[in-house]
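Chains as they are written, first to last, in my numbering: chain A, 1 to 194; chain B, 1 to 821.
Simulated from the structure, these hints should not be mistaken for laboratory data.
Quick list of in silico lysine-lysine cross-link-like pairs, DSSO-like style, CA-CA up to 27 Å:
no., chain 1, residue 1, chain 2, residue 2
1, B, 615, A, 101
2, B, 757, A, 192
3, A, 153, B, 757
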Amino acid sequence: MKNIYAWLPIAALALLLAGCEGMKTQPSATTPPVPPVSPEQQVPPPAVEQPPEAQTPPPPQTPQAVAEASIADLGPRQPASENRAVLALLDGAHSASAAGKREGAEASLERALRIEPRNPWLWLEMAQLRLAQGQYAQAITLARKSISFAAGKHRVQAEDWKLIADARIAQGDSAGADLAFRQAAERAQQAKGE
Amino acid sequence: MTSVESPSPVPAPAPSPAPKKPRFKFKLKMPGKWVRVTALLLLLGLSGYVYYLDVTIREAFEGRKFALPARVYGRALEVYAGLRLTREQFVEELRSLGYHENPEPKEAATYHFTANGVEFTTRDFVFSDGPQASQHVRMEFADGKVSLLQAHGATDVDMALLRMEPPLIGGIYPGHNEDRELVRLAEVPKPLIDTLIATEDRKFYSHMGVDPRGIARALFRTLSGQRIEGGSTLTQQLVKNFFLTSERTLTRKGTEVLMALLLEMHYSKDEILETYLNEVFLGQDAGRAIHGFGLASYYYFDRPLDRLEPQEIAMLVGLVKGPTVYDPRKHPQEGLKRRNVVLQEMAGQNVITQAQAVAALARPLGVVERAPAGTSPYPAFLQLVHRQLQRDYREEDLRGEGLRIFTTLDPFVQHRAEDALRLRLAEIEKARRFKANTLEGAVVVTSTQTGEIQAMVGGRDARYAGFNRALDSQRPIGSLAKPIVYLTALEDPQHYTLITPLDDTQLVYKQRGAADWKPQNYERTFHDKVQLRVALAHSYNVATARLGIELGVDRILDKLPQYGIDRKPPPYASSLLGAYGLAPVEVAQMYQTFADGGFRTPLRAIRDVVAASGKPLQRYQLNVEPVAAPGPVYVLTAAMQGVVREGTATAMTNYLPAEMNVAGKTGTTEDLRDSWFAGFTGNRVAVVWVGRDDNKPSGLTGASGAMTIWGEMMKNLPTEPVQPPQPEDVELVTVDPVSGVRYETGCKSGMALPFIKGSAPAETAPCPGGFAVVAASAVPAVSAASAVAPASSVAAAKTVESKPAVKKEEEKKNWFQRLFN
Chain A
1 MKNIYAWLPI AALALLLAGC EGMKTQPSAT TPPVPPVSPE QQVPPPAVEQ PPEAQTPPPP
61 QTPQAVAEAS IADLGPRQPA SENRAVLALL DGAHSASAAG KREGAEASLE RALRIEPRNP
121 WLWLEMAQLR LAQGQYAQAI TLARKSISFA AGKHRVQAED WKLIADARIA QGDSAGADLA
181 FRQAAERAQQ AKGE
Chain B
1 MTSVESPSPV PAPAPSPAPK KPRFKFKLKM PGKWVRVTAL LLLLGLSGYV YYLDVTIREA
61 FEGRKFALPA RVYGRALEVY AGLRLTREQF VEELRSLGYH ENPEPKEAAT YHFTANGVEF
121 TTRDFVFSDG PQASQHVRME FADGKVSLLQ AHGATDVDMA LLRMEPPLIG GIYPGHNEDR
181 ELVRLAEVPK PLIDTLIATE DRKFYSHMGV DPRGIARALF RTLSGQRIEG GSTLTQQLVK
241 NFFLTSERTL TRKGTEVLMA LLLEMHYSKD EILETYLNEV FLGQDAGRAI HGFGLASYYY
301 FDRPLDRLEP QEIAMLVGLV KGPTVYDPRK HPQEGLKRRN VVLQEMAGQN VITQAQAVAA
361 LARPLGVVER APAGTSPYPA FLQLVHRQLQ RDYREEDLRG EGLRIFTTLD PFVQHRAEDA
421 LRLRLAEIEK ARRFKANTLE GAVVVTSTQT GEIQAMVGGR DARYAGFNRA LDSQRPIGSL
481 AKPIVYLTAL EDPQHYTLIT PLDDTQLVYK QRGAADWKPQ NYERTFHDKV QLRVALAHSY
541 NVATARLGIE LGVDRILDKL PQYGIDRKPP PYASSLLGAY GLAPVEVAQM YQTFADGGFR
601 TPLRAIRDVV AASGKPLQRY QLNVEPVAAP GPVYVLTAAM QGVVREGTAT AMTNYLPAEM
661 NVAGKTGTTE DLRDSWFAGF TGNRVAVVWV GRDDNKPSGL TGASGAMTIW GEMMKNLPTE
721 PVQPPQPEDV ELVTVDPVSG VRYETGCKSG MALPFIKGSA PAETAPCPGG FAVVAASAVP
781 AVSAASAVAP ASSVAAAKTV ESKPAVKKEE EKKNWFQRLF N
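In isolation and in its complexed conformation, chain B is listed as follows (with noise of 0.2 Å):
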């Protein structure tokens, strides 16, 4: 560019007056010297003022010619014949792409509803893996299902697979938020930079920056003690964007027309066009500004510049006055005046002819209907975008660089969860009487197999950016750290299986460093002898207080970072019974990794980074790390599905089919001040947590609260049930439910449970009650079942004890053999 090294271009104030004093050379005191002295200070003073001018403006030009955010993407939704989808739900996604209906739906981003489904045309988009033309589908829909996909031409053709555009979810903004659409002055057309100029700016290819008589006339109204205001150029005004503050003062103003004059100076009139026309502030959705006429053109229009009509210029140039007061969407009427005034305008200076302008006169606004998104209408999800990309690369880069983010998440699950959120908090703070809004809650959603993050809610308002609850809140997970003590018991079979009878007498636990420790059951009451998944699915304390201790304190909480847990827990035996803070993200990978049998997929938000060429920068590759045995997990798993079946979760019947097999675990911390929920179906895992903010008890046990939460919204997903395959070493024994003994395959009396091969009791007692046509019967019969578990549910698994429903008790007694085939 220009040479940096004239430091002040500007004229210098007169010359000094220093030599028509020459006489006082001499003396010490003469008050000319310093008159010498403070003029050359004050030269020095000004043209150091007008180096740092010129420094400062040209930084801000050079910095924000480029400054494009990043663009933060959802997932892609891919659509096949035979996908669950119902036409609601694709309606529902495309809408939220910015599809408008359209009874010739031939254009990109249009739609219209056919007899049984929908036929639409997708617009260009280039994903990380190449550019995907547009494409006119019909798609029909029977049963829940996408029942057909053809693309529409000649003659329709089935298609395999469609992906959708992403939906974008945000984006990582420059500066003060500020979003924008890069363009290039080639780019824009030629009437609305006409209309820029004759509404704005007159005599902008002649003038030197600034405007001598707009000054005199500003100056002059100034000092008649009027209101400071008018006669800025373009140059100007570009220059009061670059450095937003709303000061109106003299100086202000001396500054502006300083840094104008040095623009001029530095760049040609094509440059600074381009850069106004980019920087130029054009609206306000709520965190986000929009800058610039590429993005305000779709902000208020949903279309490309070069595809605007007059009257849509028009409005956007009419902004430049003020986005606020002519909004169009607040102000349709102030809006209005204002287009018009400008479109006379245009008329007058011949942009547009004079038909042309009665016709667009004639035109209403045209601005299309959005509720306003924010900076993102996912705000928890974007922070751990955000938080992910800050570890690969310079903050400048993702704020300026305009990169094109790939992104997880699944804005059908995220609502979904959002929705059950703030329902049940709502619900439950009626239904108990608790002061409205005072409790508060997140949820994260993953996929089970390859770890990618579905949803995040970081509160109840899930549009708030405020504290991210999902990833940065870290409440003690009390019994959501049981299945590692039990996991660690049942990968040694030769000691410990799922009949193992545990000690749940009181215990007192001494240990250097802290007092004893007296582990209390929740119900206040001890067991005796209890079945190891019959402890876990009733989450005695005091038993898995006592197996863990038995089986090393440190050796369990050594294992947590295998689970992707970094914190370290205090090495105290109350860690055992999670008495230490996890974030609900935290909690989501390690129940990922007993939902995935044993293998840990670090949880993913980011699938790829492309830049805003196009180019691939980087993938974030899915890696697996295996870190418990199948053949053990499977155990676990059976157990924790006894949490659901027949434990502190059973309440979930409430909401999904007991053939969904969900597996589970219900976490309570002291006074009820934690609610949590952590588990999953066949294809998601989701934690949810619910609690104050002040830490006061929330009055909620895992099943009264956070299990709600969790059931609410998997009952409105697509859930897969829980059906781990087999590993080879393990084997399903019928054995009898509360002694333990072992049956003959089909015994009436007993249940099937999973045992590592080689660790069932090897002998077989006589079957009490007659051999079942099918395998196991899977009834709880167990006495200490009623301890905990709610009374309506005991009621039911005692009526099923009593055997009056049949037909119903056949199928449930199916359930473990579909469940582990």
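The following block holds chain A by itself, in its conformation from the complex (with noise of 0.2 Å):
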């Protein structure tokens, strides 16, 4: 009797490091094996492939890397509206989700939405939204959207397309991603022409 009644706490702790150590593997298990999705408020990292110049052929880039590349060369954006009240909005919701809050981000957007419904830099921002939240479909009919508000606007539009390429990888949809980011990197030729 008094035996078993010694190995118990032993027994509990065993549980107890079991239960944490499925705490732990928890996490990964759920997180999707995506590449996380680079916010893009930050220049894009330096693409794959930036050699030194003056090499010999360049090797084939990826569709990716080209669109990716183009993007940066375009520089920081504009700020997204001259409303003062939506750069607030804008502002706040950036740091809710970087506090991990994306309901409150979300709430923030839809406020500068209501403000400004027209203005595709917002639509942009919600569509990376749902893409952080693994709403890949979503996010691709949010880039849409952008874009339909996007007319001659081909900065935004290069952006979009670059979404909506990520989230088609998200998918699996490899060939749609390469197709959405030659369109990305057209549109940010465009918009360096600008």
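Dock chain one against chain two, each of which comes alone in its own frame, and use the hints as you go.
Given below as structure tokens:
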């Protein structure tokens, strides 16, 4: 009898450890094996292929690399709006996102959209949020909606297409992603000419 | 809590007489046996009854203790410099939020007019994304806009954005529409409790639920034939409140006494008192019952309990005796008398000093004015909210868990919609000598890009929570169904463009399962060949029917679910012309998709649901579905603008300037039973239905009825022009408005129309009329136009044709360019 009781704490400890073990592995098991999407407010990291320029025939670049490089080439974005209220809400959304509060970010973005419902940058931000939430189809639709408000605004179109490409990669559609990356690169080129 | 097992803790009636009659033990027909059996049965019955009472009263007590209604809020007004908002509009908002004018607006919910604006202090408020502290703000206005927004402080600081508190627009109440604001005993000021006990039940802390002397008195009065009354302890009153019946009989009194005793056995005095404070009925606000001191304090004085002054406490406690008789709003004299009686009682029991009593007696009632709001001033919208919530929450949670529900209703838009409907229906009835109040109507307004429902009017008496025509009536939509047919055509640009000639000659359509169908045009003539855009603008039935049949009836009807129409119309060709019923809110969903470039955003009435604790429970996410390609929708939009510019809805110019480029569609059903208009501006989609509840002819077309309400409403709202961004696969081409031949861009005789690239006529004809400096002309010179359009507008079109007013024409010429860029 006594022996059994003596074992109890040990057993409990073992159970506890096992529980912790489960907790540790759980998140990595649920997070999709998709490469995390870079928050686009920063300039994307210098693309993979940026070897010394002098080198002889540059290796064939992937559409993704080209798209990312040409968007990076455009430099930092202009402010998304001229309305201070919208910018304040956007800042709020970014800091909520950074703090892991996606619902808060979403609420702020919606408030901004109510003020400027035809601002393509805001719809792009919403698309980015959905992408981060793993809602790929919604992300693509919202990026398309952003494009629909971005007639003649090639910079935001380029980023919309890049987002569509990223979402397609997450969906496992690499061919579709390449098409979208090419669109993104093309729009970025047009934006450069503006 | 207390154990449930003891079924009848109350002493049973006197021990049965059984032992007295042992002799009759073995005899069958002994009367004594029956006595015993009867006594036993009685005993059983009584203990069963007591047990039943015990369960009932405890259920009631436990259930009521925390039953808090759901609170429903409208949208929070967001203010920023540059917002289109006048001072009058803003003050309307402040007043609806219950702000009071005060020369020193430092206290929350007060405001003061300044030279160019208004100064005010907001309330603390907990939003779904967290608390927002009270702020002292200065605002100024210029040219119909907010010109300055500053936080008032040591130095005033510009604010980027101010979010006002959202207006409370209603509640979802437990039981008999009971509303309450829950308070804890500790939050209730001691003078109030002392006063309550002093006036209602002085022995509350010592009795065991009933006051024997009181009962004796009541019994005596009853037996002597007087009215049954009085003698109720707080505990008994609480019991009475649980089972609201006005019945006054001895049995009822008996039940009440038993239940009071049972309550006291199970619960402490403090628990009973706290529940009483939250339960007692203190007023009636139209359909809403005001329960508890917490809510009554707001209802009568617009302040929380702990900020009440002695005379206000006296008024509330005085109301316990008779909330109707002493209603300080309806019977101020009686109310004042009662208040003063209580004040004297307070002084007598040393709750307040004599000096305080003298001061308080001299004070006026101080009840805040407020229009009786009923259960909600916006019953139609609230019904929609309730219905959406029922999908996700249990009814008892909605009615009892104190949820806070943040919705999309914009009271400003709502009031304009209500006013327009009421005003225009009365005007129409008067002008046409209809019997008054025979016409009914409904309005739904949503935001174009986010699909939020900003207003819903369910009938011309918008405060009446009756049949909700915006949500529950299903009337044939008539020509409102046509855009789907035309969009389906325009999605096939190889075969259909805006200038494709359609066949508007007599049609007899044979279909299995239905009688031969011979659609007629509204004016009972045929138009031979008409351009597609003209057929939509003038709502030609026969041309549309032929087009739809050509495209395939099933193909078109099968598209409806994509537009959010789950109802299945009958599979007949007549459905092409809208021979099926839809609710206005469903039509709004369909037109929202047209208005938003082919993206469908499921209409939303709710943004967030937050638990009573402040914890966010649920966000209703903004979702978007691609339904139709932007190119064809853009072209369709141009055609729907034609409806207003040159078609059945030209009278819209009586309400909105042509530059708004409103797109829409009229709908008129057989024998003029239903009058519809559905359309959109750059920022709003709205649908209006007018007809009669008895489904008799209303005598109105879409243009003479619903459209005028639509226009009247939009006229009074901040409106943006329809300016869809031009999709990449669309080009503007100048064509002859009648023959459809292509001219060089800028040819005066032509009009610019959108085409999906590659679908415009390839060959260019020489321009007959010379070139304008600006591109296209938009003068509608289509012969068939005269048939339906009201005479005045046709005349207007003709005068433009004969070009005397050059300047005006120039302006008109521009619109297409302005529109699409």
